[in-house]
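6 protein chains.
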Amino acid sequence: MFPNKKVQALVGQKIQVEMKGEKNILEGTLVSADDYLNLHMVDTTEIQGGQKLRTLGSVVLRGNNIILLNPLKE
Amino acid sequence: MFPNKKVQALVGQKIQVEMKGEKNILEGTLVSADDYLNLHMVDTTEIQGGQKLRTLGSVVLRGNNIILLNPLKE
Amino acid sequence: MFPNKKVQALVGQKIQVEMKGEKNILEGTLVSADDYLNLHMVDTTEIQGGQKLRTLGSVVLRGNNIILLNPLKE
Amino acid sequence: MFPNKKVQALVGQKIQVEMKGEKNILEGTLVSADDYLNLHMVDTTEIQGGQKLRTLGSVVLRGNNIILLNPLKE
Amino acid sequence: MFPNKKVQALVGQKIQVEMKGEKNILEGTLVSADDYLNLHMVDTTEIQGGQKLRTLGSVVLRGNNIILLNPLKE
Amino acid sequence: MFPNKKVQALVGQKIQVEMKGEKNILEGTLVSADDYLNLHMVDTTEIQGGQKLRTLGSVVLRGNNIILLNPLKE
Numbered sequence: 097m098f099p100n101k102k103v104q105a106l107v108g109q110k111i112q113v114e115m116k117g118e119k120n121i122l123e124g125t126l127v128s129a130d131d132y133l134n135l136h137m138v139d140t141t142e143i144q145g146g147q148k149l150r151t152l153g154s155v156v157l158r159g160n161n162i163i164l165l166n167p168l169k170e
Numbered sequence: 097m098f099p100n101k102k103v104q105a106l107v108g109q110k111i112q113v114e115m116k117g118e119k120n121i122l123e124g125t126l127v128s129a130d131d132y133l134n135l136h137m138v139d140t141t142e143i144q145g146g147q148k149l150r151t152l153g154s155v156v157l158r159g160n161n162i163i164l165l166n167p168l169k170e
Numbered sequence: 097m098f099p100n101k102k103v104q105a106l107v108g109q110k111i112q113v114e115m116k117g118e119k120n121i122l123e124g125t126l127v128s129a130d131d132y133l134n135l136h137m138v139d140t141t142e143i144q145g146g147q148k149l150r151t152l153g154s155v156v157l158r159g160n161n162i163i164l165l166n167p168l169k170e
Numbered sequence: 097m098f099p100n101k102k103v104q105a106l107v108g109q110k111i112q113v114e115m116k117g118e119k120n121i122l123e124g125t126l127v128s129a130d131d132y133l134n135l136h137m138v139d140t141t142e143i144q145g146g147q148k149l150r151t152l153g154s155v156v157l158r159g160n161n162i163i164l165l166n167p168l169k170e
Numbered sequence: 097m098f099p100n101k102k103v104q105a106l107v108g109q110k111i112q113v114e115m116k117g118e119k120n121i122l123e124g125t126l127v128s129a130d131d132y133l134n135l136h137m138v139d140t141t142e143i144q145g146g147q148k149l150r151t152l153g154s155v156v157l158r159g160n161n162i163i164l165l166n167p168l169k170e
Numbered sequence: 097m098f099p100n101k102k103v104q105a106l107v108g109q110k111i112q113v114e115m116k117g118e119k120n121i122l123e124g125t126l127v128s129a130d131d132y133l134n135l136h137m138v139d140t141t142e143i144q145g146g147q148k149l150r151t152l153g154s155v156v157l158r159g160n161n162i163i164l165l166n167p168l169k170e
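Protein chains in written order, with the numbering used here: chain V, 97 to 170; chain A, 97 to 170; chain L, 97 to 170; chain Z, 97 to 170; chain F, 97 to 170; chain S, 97 to 170.
Just so you know, these hints were derived from the structure itself, not from any lab.
Do not rely on the hints blindly, as some may be mistaken.
Which copy is meant is left open, because identical chains are indistinguishable; a pair holds if it fits in one copy or across any two.
Computed list of lysine-lysine pairs in PhoX-like fashion (alpha-carbon distance at most 25 Å, straight line) [as the list claims (entries may be wrong)]: (1) LYS101 to LYS148; (2) LYS119 to LYS101; (3) LYS148 to LYS116; (4) LYS101 to LYS169; (5) LYS169 to LYS110.
These numbers were taken from a predicted model, which means no experiment stands behind them.
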C-alpha cells in the first residue's frame, strides 16, 4: 500500500500529526486527505507533553508542511 | 469533502491562518483560494496573544507556506 | 478573483513582500508575476522598522519563498 | 539506478531517515515509497545519540521534508 | 518580461543570490538557469559583509531554495 | 548546459553538497541524479571544518532540500 493510500485508510480515525516548525503535536479525527497529504481534521487539539494546549476544532493542514503522521494509539 | 473543497467552502468567512516561520496568527475574511491553497484575504490583521499587532488589509498568502487554517470562532 | 489574478492586478504598483526566513520586508514596484508567484520587482528596498536598510534595485523573488504580499499603503 | 529506484530497492529493509528541522533520526522498516519519496514505515523509533527516544510504530513521512535516508547498518 | 525570462536575460552576467537559511550571499557568473530557477554559476564566491569568505567555483543552486537574486552592481 | 545536465555530468565524480538546515557538508561519489536533483551518493561522509564527522555510506538525498552542490576540488 503506497503512502497516500495508507493515509486514505486512516480517514475516520484519530491521528497525530507533526508539522514543520511546530514544537507541538496536533491530534484529531481525519475527515479527508488528498494525494498531496493536505488533511482536513475535526476535533483537533494541540498537544504539548501529553497535555491539551489549545482546541482548534476543524482545521485544514497543508500537506507539504507535514513532517509525519501516525494513527493515535489509544 | 477534500481539504481544498473545505477551504473553498470558507470563502466569505473569517478565518485564522498560521504561516510557516511566523510567530503570529493572521485573521481576515477569505476572498478566494485556489487548489494550492494560495489565499486572498481582506481586512487582515496580525494577532499576537489575542491582541491586534498590525493591520495588513488586503493580502495574498502563498499556499505552500501555510501550516494550517481554520474558521474563526466568533 | 483568484489569488494569482489578484497578484497580476498589482503589476505596476508598489507592493510589500515578506519572504520566508527574512526579518525584513521588501518594498518595490511589481514588474511581473507568474502563476507560481515568482516576482520581478524594480526599485526594491529592504525595510526594517520603517527605515530603508538596503537598496536592491531590480530583483527576482522565488514564489515558493514568499510568505505574503500586499499593496503598499501610501 | 535513479534515486527513487534506489529507495524502492530498500522496501522491506531497515532504514534511517533524517527529517527537516528534526534533531533526531527515525529508524524503521520501509513498507512503501512513492516517487515523491513519501514513505510508509513500521516499527519506527526516534533515535537520539544511539538511544531510543520514542516509539512511533506505523508512520507516514512526507517526502519533501526528508533530508536524507540510508540503509541501516546492522 | 516574466520573472523566469528576466533570469534568462542575466545569463553571462555577474549576479548575487540569497539562499534560504544562509547568512551569506553568493556572487558569481550565471551560466544557465531553467524555469524552476535552478542555476549553474561559475567563479562563485561566498560574501559576508562585503568580504570574500569562501571560493566555491562551479556550483549548481536548487531553485526552490533561492530567496532572491539580482544583477551585481559593479 | 542547463543546471540538471550539469549535475548529470558529475555522475561518477566526487561532489560536495550543502543541505537545508544542516551545518555540515556531505561529500561522496555521485551515483545518479534525476531532474528534481534527488541524488544517490556512495562513500558519503559528513564533514565539519575539514574533518570527517560521520560515515554515512550509501545515501539518497531529497533534491528540494539541497541548497547547492559543486564538484569536490581535489
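Hint-by-hint comparison with the structure:
1. In the homo-oligomer, the alpha carbons of LYS101 and LYS148 never lie at most 25 Å apart, since the shortest distance is 29 Å inside one protomer and 28 Å across protomers.
2. Within a single copy, LYS119 and LYS101 get their C-alpha atoms no closer than 27 Å, and across copies no closer than 28 Å, so neither meets the 25 Å cut-off.
3. In this assembly of identical chains, the alpha carbons of LYS148 and LYS116 lie at most 25 Å apart whether taken from the same copy (19 Å) or from different copies (22 Å).
4. For a Cα distance limit of 25 Å, the shortest separation of LYS101 from LYS169 inside one copy, 20 Å, qualifies, whereas the shortest one across copies, 29 Å, does not.
5. Taking identical chains as interchangeable, the C-alpha atoms of LYS169 and LYS110 lie at most 25 Å apart whether they share a chain (8 Å) or sit on different chains (23 Å).
Checked against the numbered hints above, the structure breaks hints 1, 2 and satisfies the rest.
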